[in-house]
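**Student:** Given these sequences and hints, build the entire structure.
Numbering (numbering that gives the first Met the number 0), first residue to last: 0 to 284.
Read the hints as simulated data drawn from the structure, not as lab findings. Watch out, some of these pointers could steer you wrong.
[Unchecked claim] Derived pair list, reagent style PhoX-like, types lysine-lysine, alpha-carbon separation capped at 20 Å:
{"id": "1", "residue 1": "48", "residue 2": "9"}
{"id": "2", "residue 1": "249", "residue 2": "263"}
{"id": "3", "residue 1": "139", "residue 2": "279"}
[Stated by the list, open to error] Listed next, with one range per pair, are the computed distances between beta-carbon atoms:
{"id": "4", "residue 1": "79", "residue 2": "130", "range": "12 to 22 Å"}
{"id": "5", "residue 1": "109", "residue 2": "228", "range": "34 to 44 Å"}
{"id": "6", "residue 1": "166", "residue 2": "45", "range": "33 to 43 Å"}
{"id": "7", "residue 1": "198", "residue 2": "85", "range": "32 to 42 Å"}
{"id": "8", "residue 1": "85", "residue 2": "118", "range": "21 to 31 Å"}
{"id": "9", "residue 1": "88", "residue 2": "234", "range": "55 to 65 Å"}
{"id": "10", "residue 1": "88", "residue 2": "184", "range": "53 to 63 Å"}
{"id": "11", "residue 1": "80", "residue 2": "151", "range": "38 to 48 Å"}
{"id": "12", "residue 1": "130", "residue 2": "202", "range": "24 to 34 Å"}
{"id": "13", "residue 1": "40", "residue 2": "99", "range": "22 to 32 Å"}
{"id": "14", "residue 1": "94", "residue 2": "45", "range": "21 to 31 Å"}
Computed from a predicted structure; not experimentally measured. Glycine included, every Cβ here is placed at the ideal spot set by N, Cα and C.
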Amino acid sequence: MDYMWAHAFKTFYRLHDLATNWQQARQICEAEGTSLLVPGSLEEMENLKLLISNMKAHYTAIFIGIHDQFSEGDFVTIKGEPITGTILELLWADGRPDNGNDTEDCVVMTREGLFDDRPCYDIYPFVCKILGNESRFNDKCEGYDMGYVLYENGKCYKFHSEPLSWYDAYHVCMLEEGSLCVLNSAEEASLVVSMLGEHLNNNAPDSHMLHIGFTDLMFPFQYRTITGETLEEAGYSSWSPLQEGMRNLKNYRCGALSRTGFLKTTSCLHPAMFLCEKLKKSTLD
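**Tutor:** So, in structure tokens, the structure goes:
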């Protein structure tokens, strides 16, 4: 779902119906230049109940930008503002917060507009929010995510320097309505290598590679792109000579690109930088 404008509140909202954990929800909103929803008034809450009625029926709540991860029972917004003494404190469901099993440090809003504390690792949809006077539209990539940049090959790319597992990287790209980058030519591989050189992150476990969209998870030892093509069909299949033996290791099943421009495999759980891509809608028409 794209961003929706609520004139009464001069605010844009986006319901992400593809569920994820609280930390990733916050990270995705911030990557879009927005923030994980914190309701500002009871009137806004009523409006939000209508918005979340659009989410899939089996979901009972959405994550919002409130937590007590720093100090048990001291709930604050993502900006560090205590909710004690505010209108938000009146929105707890009966008997909540209860910190069930000593694991409930993040807050959801139910379809009824009430707050409940839940584990941060639970999976829920979420809403990103930005005031109208703070928002910008990315005309070139046709969306509100200013992180995407249009290149001459017609693709929009967004480089993520925060290391994630291949699985999580795939998920984040999907939540952004994009996908993990699939290389279609040697020229595109060179372009991506140049991006990798521009985004040094010495805190990454391996700053010399980034996750891209190929794996053998569907067909063991038969590497295919996330769109089902062989690497040869996709247009780029240049492996590092040092990688030949590694490709047969059962734990190295997910794809990456090295800083030297060669394909390599790595553990799908290994955190690394990654690149999302999407085509302009006008290109697809």
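**Student:** With reference to the structure, classify each hint as holding or not holding.
**Tutor:** Hints and how they fare:
Restraint check for residue 48 and residue 9: satisfied, since their Cα atoms lie roughly 17 Å apart, inside the 20 Å limit. Restraint check: the Cα-Cα separation between residue 249 and residue 263 comes to about 14 Å, which is no more than 20 Å; the hinted pair holds. Taking the CA atoms of residue 139 and residue 279, the gap is near 8 Å; set against the 20 Å cutoff, the hint holds. Separated by about 19 Å at the C-beta atoms, residue 79 and residue 130 satisfy the suggested range of 12 to 22 Å.
A beta carbon spacing of about 42 Å between residue 109 and residue 228 agrees with the range 34 to 44 Å that was offered as a hint. At roughly 37 Å, the beta carbons of residue 166 and residue 45 sit within the given window of 33 to 43 Å. The hint said 32 to 42 Å for the Cβ distance between residue 198 and residue 85, and at roughly 39 Å that hint holds. For the hinted restraint 21 to 31 Å between residue 85 and residue 118, the CB-CB distance of approximately 24 Å keeps it satisfied.
Between residue 88 and residue 234 the C-beta distance comes to about 56 Å, which sits within the given range of 55 to 65 Å. For residue 88 paired with residue 184, a C-beta distance near 56 Å keeps the hint of 53 to 63 Å intact. Against the hinted window of 38 to 48 Å, the Cβ-Cβ separation of residue 80 and residue 151 comes to about 44 Å, which satisfies the hint. Look at residue 130 against residue 202: about 32 Å separates their beta carbons, and that is inside 24 to 34 Å.
One distance hint, 22 to 32 Å for the beta-carbon pair residue 40 and residue 99, holds here, with the actual separation near 29 Å. Checked against the hint of 21 to 31 Å, the pair residue 94 and residue 45 passes, with Cβ atoms roughly 23 Å apart.
Hint violations for this structure: none, all hints satisfied.
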